[in-house]
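Chains as they are written, first to last, in numbering that gives the first Met the number 0: chain Z, 0 to 387; chain V, 0 to 136; chain F, 0 to 348.
Possibly wrong hints are sitting among the right ones.
Said to hold, decoys possible - Computed Cβ-Cβ distance ranges for the label pairs, DEER-style:
(1) Asp18/Z <-> Ala339/F: 39 to 47 Å
(2) Asp319/Z <-> Asn329/F: 54 to 62 Å
(3) Lys107/V <-> Ser213/F: 46 to 54 Å
(4) Glu73/V <-> Thr181/F: 40 to 48 Å
(5) Glu164/Z <-> Lys240/F: 54 to 62 Å
(6) Asp118/Z <-> Trp187/F: 46 to 54 Å
(7) Ala339/F <-> Pro37/V: 21 to 29 Å
(8) Arg33/V <-> His157/Z: 53 to 61 Å
(9) Ala133/V <-> Lys273/Z: 22 to 30 Å
(10) Arg200/F <-> Lys55/V: 48 to 56 Å
(11) Ala133/V <-> His157/Z: 18 to 26 Å
(12) Glu164/Z <-> Lys107/V: 28 to 36 Å
(13) Lys107/V <-> Val283/F: 25 to 33 Å
Everything labelled a hint here was simulated from the structure, so no lab data went into it. All C-beta atoms, glycine included, are put in the ideal place defined by N, C-alpha and C.
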Amino acid sequence: MRDVAVIGIGLTKFGELWDKSFRQLITEAGAKAILDSGISGEEIDAMYIGSMSSGRFVGQEHIGALVADASGFSHLHIPSTRVEGACASGGLAVRQGYLSIASGINDIVVVGGIEKMNDVSGTSATGTLATAADQEWESFFGVTFPGLYAMIAQRHMHEYGTTKEQLAQVAVKNHKNGALNPNAQYRREITLEQALKATMVAEPLGLLDCSPVTDGAASIVLCAAEKAKKYTDKPIKIIGSGQGSDTLALHSRRDICTLDATVHAAKMAYKQAKVTPKDIDFAEVHDCFTIAEICAIEDLGFVKKGEGGKAIENNITTLDGQIPVNTSGGLKAKGHPVGATGVAQIVEIVEQLRGEADKRQVKDARIGLAHNVGGSGATAVVHILEGM
Amino acid sequence: MRNSVARFWREIPQRYNFLGNKCGSCGRVYFPPRETCPICRRKSLGKMEKYKLSGKGEILTYTIIHVGPEGFEEQTPYPIAVIKLDEGPCITAQIVDCDIKNVKIGMKVQSTFRKIQQDGRIGAIYYGYKFKPAEVR
Amino acid sequence: MRNIGIVSYGAHIPRFRIKTEDIANAWGKDPKTIENGLGIIEKTVPSIDQDVATISVEAARAALARCNINPQDIGAIYVGSESHPYAVKPTGTIVGEAIGATPILKVADYEFACKAGTAAMQTCVAMVKAEMIKYGVAIGADTSQAAPGDALEYAASAGGAAFIIGKENVIAMINETCSYTTDTPDFWRREGSKYPAHGGRFTGEPAYFKHIISNAKNLMELVSTKPEDYNYAIFHQPNGKFPLKVSKMLGFTYEQVKQGLLCPYVGNTYSGATMIGLASVLDVAKPGDRIFLTSYGSGAGSDAFDITVTNEIKKLKKENAPLMSDMIKNKEYIDYATYAKYRDLLLLE
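Next comes chain Z alone, as it looks inside the complex (with noise of 0.2 Å):
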């Protein structure tokens, strides 16, 4: 096993992008991520795309072969691979391209992830949404994704008293963030006020309480450690990466409140980091709703279960505070296009610790962690990263 490094990283805008394709989206990460790393494309030994649902989404499978070939390596015949995890599709993309350096195959392995999801109707993106929870015996009697999560926010606040109000501010928090990210779908902050008056979409989650629907891409260029210096003197280490699964349904998981993924990804990390939760810095976390961040931080071991709420309300998860959570503006303000996330991520870790976050910088910034979800928590995948 040997270590694996991020020497470049590239981000499309995200938003409701009707100018740019799928194809047009994905280059241009790749591009930019490339271009960053100072690589030459016959230096890529392969290609991990994470994309959920590109064949509902645009009608458009075999997304690996695709990807390489808009890229203008066709004639490299790079291995390519499409990852498919629902919303995790893209940090699973970042483990598989991770996986295949740290065990000697790979040396330069790009890995993107995309998705663009507004050219279908938006009833249309929810039901494609929805194919991530359990076909057969949850989403055929009615239920949504925002009534999955809904369901997860009912119990949590049965059991630990979490209140709408520190749901909202989950949202305020990370519109705030969001505003200080060029990149992001949502630059405008929103008040607690608005988050409460929201319309409601589940009980108890409202409009602000919901990621939106988004196009996007991200790209990152991982190397084999040993050989990172000799692209950029800004190498950012992955010095933990774990993974999870779970029961597909959320009514067969062992606690509707805890996502045991996350805690299984997070502790396959963290081991192998010989880090714990204290030593984390901030991380980008996924609020696909704003409970799924409460759920995240009390699952990734930042606070005791129960406690995420009382978290949010003391500011810990600001950007001054304690532990930044989600700095870029999180799935909320950013934006989530699906398959991109998860590589989203790992870019705005990789600016963070090189420096280069601008508005957005945390202060000695060292060690950061992503955690990116598919489903109602069926999949999770957890990296942790380090300057070097």
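Add chains V and F to chain Z, keeping to what the hints say.
Leaving out everything else, chains V and F in the frame of chain Z:
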């Protein structure tokens, strides 16, 4: 047409009659039925026995859906819940015959046979379980 | 036909109600005039997820809950309705699957306007008598549709009942049954048409009254009875007035008719009408009670039954399913807009 009639038909015994199964090794009840018991694993292979659940349970958590998926838009707002069945397994289903305001965690419920969705105006109709408060006759 | 009869029964009506008053107001009519003219105060409304299949399943399951029959011993299921969910694909198979009676089972769906359910009962009686089946289930259920603004809108409601017919543990013997049928186009619905049409006042004397009166007289002649020999009389109830008038014309009293007259608070459940009326009577009937039932279906025909309640009725576990009175009391009112949404009166595509 959106749904597959074959896929629906295969699950009629579950959706109409709560036919699950029971591990012949440890006795745990599963719904929907599983090929193996996750606890006993290979010891349960070939030992899973058919078992009909009662359709009675209790609400573990719920939400009120205001923005419904395709095919359910006309029904909103409707309550949907995770229900812990008396025999142990948990399932997801709509709650009916109840004022939305009265749906509560811990509420005892019983199943009822209802139309779940249909494939537009010319496609098939899919029936299955929904749950009503235990005291509604 | 000694010893063949009803072994168990069950019924179901939806919870929602709409008042005659609210329908009248929606159309700018005087509520009191309509209520008095039709004798209907409110009617049942099925929710979006209820249809003839779900109502039939509830009724059949209720019937099974009250007795000890093994569903696999049911040899036939006939569902009569004029609002089957599919024009082609039987409701009976859905019921069969939902009560565990499949696959050794004879099934067909019936249609004869409001008397499809009683026709199903006659078929089951005949099949039991011919020893072709051990038990048969006859169901009459409807979620009948009426054109918005039409006079029928005040009555067209939803509900149904299921009767298990057999030879063993009979709680009510069907002593005799007869029918009176002619080709009389008083009320109909064309294939592909959403709402029925009718001949106005033509639906009265030459249709409803002629067939019921003729058939009722024929039955009483067949079994040599007079109206006063019966404890209960159930007539088809398209509104709250016709059954009172026809029963009076035949010589029955209000006392005999009232237990089986549900229309004022339930509306006209079409194929379910006399069936739920019979369920209501069986809810209170005692051993030895004699019941006279005459259904009517437009098109036109009438089925009449002479029924005697047996001692077995005491053994029936009636409490295992709701009584008609329980279901009538268990209600939630909706307004005309909600009613229009549930009854699909607003074209959404």
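Going down the list of hints, with the structure as the test:
1. Between Asp18/Z and Ala339/F the beta carbon distance is about 44 Å. The supplied range of 39 to 47 Å therefore holds.
2. Between Asp319/Z and Asn329/F the beta carbons are some 58 Å apart, a value that agrees with the proposed interval 54 to 62 Å.
3. Between Lys107/V and Ser213/F the beta carbons are some 52 Å apart, a value that agrees with the proposed interval 46 to 54 Å.
4. Glu73/V and Thr181/F have their C-beta atoms about 42 Å apart, which keeps the hinted 40 to 48 Å range intact.
5. A hinted range of 54 to 62 Å for the beta carbons of Glu164/Z and Lys240/F is consistent with their spacing of about 59 Å.
6. The given range of 46 to 54 Å is respected by Asp118/Z and Trp187/F, whose C-beta atoms sit roughly 49 Å from each other.
7. Range check, Ala339/F to Pro37/V: about 49 Å between beta-carbon atoms, so the 21 to 29 Å window is missed.
8. Distance hint for Arg33/V and His157/Z: a CB-CB separation of about 29 Å, inconsistent with the stated range 53 to 61 Å.
9. The supplied range of 22 to 30 Å is broken by Ala133/V and Lys273/Z, whose beta-carbon atoms lie about 53 Å from each other.
10. Distance hint for Arg200/F and Lys55/V: a CB-CB separation of about 52 Å, consistent with the stated range 48 to 56 Å.
11. Between Ala133/V and His157/Z the C-beta distance comes to about 20 Å, which sits within the given range of 18 to 26 Å.
12. Range check, Glu164/Z to Lys107/V: Cβ separation about 31 Å, and the 28 to 36 Å hint holds.
13. Range check, Lys107/V to Val283/F: Cβ separation about 30 Å, and the 25 to 33 Å hint holds.
Hint violations for this structure: numbers 7, 8, 9, all remaining hints satisfied.
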